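One-letter residues, chain by chain:
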Amino acid sequence: MGKDFSNISGRAWVFGHNINTDQIIQGQYLTLLDYDEMVKHAFEIRRPVFASKVKENDIIVAGRNFGGGSSREEAPKVLMHSGISCIVAESFARIFYRNSFNIGLPLITIPNISKLIKDGEIVIVNLLKGTLTVKGKGETIHGKPLPERMLEILKAGGAVPWYKKKK
Amino acid sequence: MGKTIAEKILASHTNDGKASAGEVIEARVDLLMVHEVLGSRIIPILKEMGFKKVWNPNRVLVVNDHWAPASDINSAEIHRRNRNFVKEQGIVNFCDVDCGISHQVLPERGLVVPGATIIGSDSHSTTYGAFNAFSTGLAATDTALILATGECWFRVPETLKIEITGEMSERVMSKDLILKIINELGPDGANYQSLEFHGSTIETMSVGERMTMCNMSVEAGAKCAPMPINQDVKFWMEDYAPTKKWKEVTSDDDAEFVDILRFDLHTDPLEPIVAPPDLPTNGKPVAEVAGVPIDQAFIGSCTNGRIGDLIMAAEILKGKKVHEGVRLIITPASKATYMEALERGIIKILMEAGGIVTNSTCGACVGGHLGVLGAGEVCISSTNRNFKGRMGHPDSRIYLASPATVAASALKGVITDPRRV
Numbered sequence: 000m001g002k003d004f005s006n007i008s009g010r011a012w013v014f015g016h017n018i019n020t021d022q023i024i025q026g027q028y029l030t031l032l033d034y035d036e037m038v039k040h041a042f043e044i045r046r047p048v049f050a051s052k053v054k055e056n057d058i059i060v061a062g063r064n065f066g067g068g069s070s071r072e073e074a075p076k077v078l079m080h081s082g083i084s085c086i087v088a089e090s091f092a093r094i095f096y097r098n099s100f101n102i103g104l105p106l107i108t109i110p111n112i113s114k115l116i117k118d119g120e121i122v123i124v125n126l127l128k129g130t131l132t133v134k135g136k137g138e139t140i141h142g143k144p145l146p147e148r149m150l151e152i153l154k155a156g157g158a159v160p161w162y163k164k165k166k
Numbered sequence: 000m001g002k003t004i005a006e007k008i009l010a011s012h013t014n015d016g017k018a019s020a021g022e023v024i025e026a027r028v029d030l031l032m033v034h035e036v037l038g039s040r041i042i043p044i045l046k047e048m049g050f051k052k053v054w055n056p057n058r059v060l061v062v063n064d065h066w067a068p069a070s071d072i073n074s075a076e077i078h079r080r081n082r083n084f085v086k087e088q089g090i091v092n093f094c095d096v097d098c099g100i101s102h103q104v105l106p107e108r109g110l111v112v113p114g115a116t117i118i119g120s121d122s123h124s125t126t127y128g129a130f131n132a133f134s135t136g137l138a139a140t141d142t143a144l145i146l147a148t149g150e151c152w153f154r155v156p157e158t159l160k161i162e163i164t165g166e167m168s169e170r171v172m173s174k175d176l177i178l179k180i181i182n183e184l185g186p187d188g189a190n191y192q193s194l195e196f197h198g199s200t201i202e203t204m205s206v207g208e209r210m211t212m213c214n215m216s217v218e219a220g221a222k223c224a225p226m227p228i229n230q231d232v233k234f235w236m237e238d239y240a241p242t243k244k245w246k247e248v249t250s251d252d253d254a255e256f257v258d259i260l261r262f263d264l265h266t267d268p269l270e271p272i273v274a275p276p277d278l279p280t281n282g283k284p285v286a287e288v289a290g291v292p293i294d295q296a297f298i299g300s301c302t303n304g305r306i307g308d309l310i311m312a313a314e315i316l317k318g319k320k321v322h323e324g325v326r327l328i329i330t331p332a333s334k335a336t337y338m339e340a341l342e343r344g345i346i347k348i349l350m351e352a353g354g355i356v357t358n359s360t361c362g363a364c365v366g367g368h369l370g371v372l373g374a375g376e377v378c379i380s381s382t383n384r385n386f387k388g389r390m391g392h393p394d395s396r397i398y399l400a401s402p403a404t405v406a407a408s409a410l411k412g413v414i415t416d417p418r419r420v
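As you go down the protein sequences, you meet chains A and B in turn.
If you use numbering that gives the first Met the number 0, the first sequence corresponds to residues 0 to 166, in order.
If you use numbering that gives the first Met the number 0, the second sequence corresponds to residues 0 to 420, in order.
No lab work stands behind these hints, which were simulated from the structure alone.
Check before you lean on any hint, since a few could be wrong.
Calculated pairs, BS3-like style, for lysine-lysine (alpha carbon to alpha carbon, straight line, at most 25 Å) [stated by the list, open to error]:
| no. | chain 1 | residue 1 | chain 2 | residue 2 |
| --- | --- | --- | --- | --- |
| 1 | A | Lys143 | A | Lys52 |
| 2 | B | Lys52 | B | Lys86 |
| 3 | B | Lys46 | A | Lys165 |
| 4 | A | Lys154 | A | Lys114 |
| 5 | A | Lys163 | B | Lys51 |
| 6 | B | Lys283 | B | Lys160 |
| 7 | B | Lys233 | B | Lys334 |
| 8 | B | Lys46 | A | Lys166 |
| 9 | B | Lys52 | A | Lys165 |
| 10 | A | Lys164 | B | Lys52 |
| 11 | A | Lys114 | A | Lys2 |
| 12 | B | Lys51 | A | Lys164 |
| 13 | A | Lys39 | B | Lys52 |
| 14 | A | Lys154 | B | Lys46 |
| 15 | A | Lys164 | A | Lys2 |
| 16 | A | Lys52 | A | Lys134 |
| 17 | B | Lys51 | A | Lys166 |
| 18 | A | Lys165 | B | Lys51 |
| 19 | A | Lys166 | B | Lys233 |
| 20 | A | Lys114 | B | Lys387 |
| 21 | A | Lys163 | B | Lys52 |
| 22 | B | Lys246 | B | Lys7 |
| 23 | A | Lys165 | B | Lys17 |
| 24 | B | Lys233 | B | Lys160 |
| 25 | A | Lys164 | B | Lys46 |
| 26 | B | Lys52 | A | Lys166 |
| 27 | B | Lys246 | B | Lys17 |
| 28 | A | Lys163 | B | Lys46 |
| 29 | B | Lys387 | A | Lys52 |
| 30 | A | Lys143 | A | Lys117 |
Across the chosen pairs, the derived CB separations fall in these ranges [claimed, not checked]:
| no. | chain 1 | residue 1 | chain 2 | residue 2 | range |
| --- | --- | --- | --- | --- | --- |
| 31 | B | Trp152 | A | Ile123 | 52 to 62 Å |
| 32 | A | Lys2 | B | Ser168 | 55 to 65 Å |
| 33 | A | Lys154 | B | Lys46 | 21 to 31 Å |
| 34 | B | Glu314 | A | His141 | 50 to 60 Å |
| 35 | B | Trp54 | A | Pro110 | 36 to 46 Å |
It should be emphasised that the depicted structure is a prediction, and the values quoted were computed from it without experimental measurement.
Ideal Cβ positions, reconstructed from N, Cα and C, are used throughout, including at glycine.
Let's have the full structure, built from the sequences with the hints guiding it.
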C-alpha cells in the first residue's frame, strides 16, 4: 500500500535462536484488549528494555525458528504495534510466519544473519530481492526471496484487504 | 508417485482434487474450532471485513476453555462476546466454561472424523491427527477468513515418517516417547512438515496416548500429524460418532517422505523422560534430573489431562500422601473426563493423597489461573510447554514429564522415577 518493499531501513534489535511467542508476549497478557497496554509487555522477560526503547521502523534480526510456540497473532501484532517494520531471521516457525504476513508485517529469511549483524546497527532490507545491507558497509547479504503468495498478501496490506480484493 | 496422508486429505478438499507437497492450494475446511481468541481478536477482524454470516454454523465449534470460569474482568468480557456471537450466528456447537479443553471436547462430541480437515485457533490443534485427520493451528486473521468462507489456503507440507516399534514398559507413557522424539528433532526439526507416526507401538496405543503424541508434535514445529487409524480409534468412532460416515486415509508405499526415522523400543528401551526448562525439546532420561526439589506438581492440559493419565496418577498415589510443602494440582481435560474419574473413584484417591482437583480448563498450563507459579518456584508438569514464565513468574521453572513422573515426584517432593515408588 504505497510501501517501498525494496527499501526498509531501521535500527536492528538482535536476538538468538528459538525466540518463542511466549517470550514475545506472555500468555497472561492475552486477555488485554488494548494493544497500547499489551505493547508495554513485549519481550518483557527476554529483553526488558525493549518496550521502552523500541522506535518506529526498528527491525528485529534473529536466529533460527523465530516465533515458535503458541499460535497467538498477538505476537507479531504487538511487535508491529511497537514500531517494528520488518523481521529478519534465519528461519521462522510456521504459524508466526503466516500470522505476520496476514497482519502486513514483512518477514525475510537470511541464513546466519544473527551472527552478521550487531545490535543497534542500521540495516536496509530489500524484500523483493531478499537482501540486507548494513548502513555504512558495502556488502549485500543474500537471503531467500519471498514466496509469491506472501508477497501478494503483503502488497495488499495484509490478509483482510487481500481477501476483500479477491472477493 | 504415491501420496502421503496429508497430501491425500488436502487433495480431497480441493476443487481439482490435487495436492502435492510444496504446492499452495485452496482447501475446504470441515470443522473450525475457535476459543477465547474469537472474542478478543477475531470479532474485531470480522467487523473490519464487513462479515455478516458464518459460512456454516454446523461446522464451527466455539469454546471458552483457557480462562474457565473467567479469571478476571477481561476474560469475562471475552466469554460474554463469545456467547453473544454463538447466539447471533446460530452456532450449533458451543462449549461454555463448564465443558473443558477444546482438544478433548471436540473428539468427545464426535466432531473429529478421520480424513477431515480441522482447523483450530490454537497451536495444539495438531491433536486431532490421532484420529487420522489433517488438523492444524492458525490464528485470528486466518480463522476470521475461514469463518466467512469455509476455505483456507495451505502450503501442502512435506512428510516426515516416524516408525516406532516395540513395547513400552510399565509406567513409561506416550508422553515419554514424544518427549524423546522431539528431543531428537529439535524445536524446528519438523517445521512446516507433516509427521506420520507408524509402527506397532502406535498401532497398539490408546486414543488418549495417541492424542498426546500428535499434540506435542507442534513443539518440533510440525504443521500436522495425521496418524494411520487403529482399533481404538475405530471403537472411539463407534462410541462417540456412531452416525458419522468416514473412510480411513493411508499413505501409499511409494509416497515421498523427506526422511524416515526409526525407534525400536525393544533394542533401545524407553526411559521416563523429563524436559528441563526452557524448551519442550530439552528432554533427558529422568535419572539425569532426579532429585530436583519441586514446589508444585501439575497434571492436566490438552496434552495429559485425560482419563488414562488420571488413572495412572491414582495408581501411583493410592493410599499415599503428597510430600509436605508440595502442591499437587489436577485439572481434568474435560467435564466428561472429570465425571468418569469421579465414577471410577479416581478423584477420591487423588484428593485423599492431598491433590487439589480443579474444574476443566487450560488454567495453569497457560499461566492463567488455578495454579500460577510464584518467583523461584519449580513445577513438574504434564503439560506441553516449559517456556520461561509460561506458568507464572518469569523466575519460575517448569519441568515437563508424564503424569506418572509428575505423580511420583509429588510423593517424594523431588523429581522421581515413577518406577521407583
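Outcome of the hint check:
no., hint, result
1, Lys143/A / Lys52/A, "30 Å, violated"
2, Lys52/B / Lys86/B, "12 Å, holds"
3, Lys46/B / Lys165/A, "18 Å, holds"
4, Lys154/A / Lys114/A, "30 Å, violated"
5, Lys163/A / Lys51/B, "14 Å, holds"
6, Lys283/B / Lys160/B, "23 Å, holds"
7, Lys233/B / Lys334/B, "23 Å, holds"
8, Lys46/B / Lys166/A, "16 Å, holds"
9, Lys52/B / Lys165/A, "18 Å, holds"
10, Lys164/A / Lys52/B, "19 Å, holds"
11, Lys114/A / Lys2/A, "28 Å, violated"
12, Lys51/B / Lys164/A, "17 Å, holds"
13, Lys39/A / Lys52/B, "35 Å, violated"
14, Lys154/A / Lys46/B, "22 Å, holds"
15, Lys164/A / Lys2/A, "18 Å, holds"
16, Lys52/A / Lys134/A, "21 Å, holds"
17, Lys51/B / Lys166/A, "14 Å, holds"
18, Lys165/A / Lys51/B, "17 Å, holds"
19, Lys166/A / Lys233/B, "41 Å, violated"
20, Lys114/A / Lys387/B, "24 Å, holds"
21, Lys163/A / Lys52/B, "15 Å, holds"
22, Lys246/B / Lys7/B, "12 Å, holds"
23, Lys165/A / Lys17/B, "22 Å, holds"
24, Lys233/B / Lys160/B, "22 Å, holds"
25, Lys164/A / Lys46/B, "16 Å, holds"
26, Lys52/B / Lys166/A, "15 Å, holds"
27, Lys246/B / Lys17/B, "18 Å, holds"
28, Lys163/A / Lys46/B, "12 Å, holds"
29, Lys387/B / Lys52/A, "22 Å, holds"
30, Lys143/A / Lys117/A, "21 Å, holds"
31, Trp152/B / Ile123/A: 52 to 62 Å, "31 Å, violated"
32, Lys2/A / Ser168/B: 55 to 65 Å, "58 Å, holds"
33, Lys154/A / Lys46/B: 21 to 31 Å, "23 Å, holds"
34, Glu314/B / His141/A: 50 to 60 Å, "58 Å, holds"
35, Trp54/B / Pro110/A: 36 to 46 Å, "41 Å, holds"
Going through the hint list in order, the structure does not satisfy hints 1, 4, 11, 13, 19 and 31.
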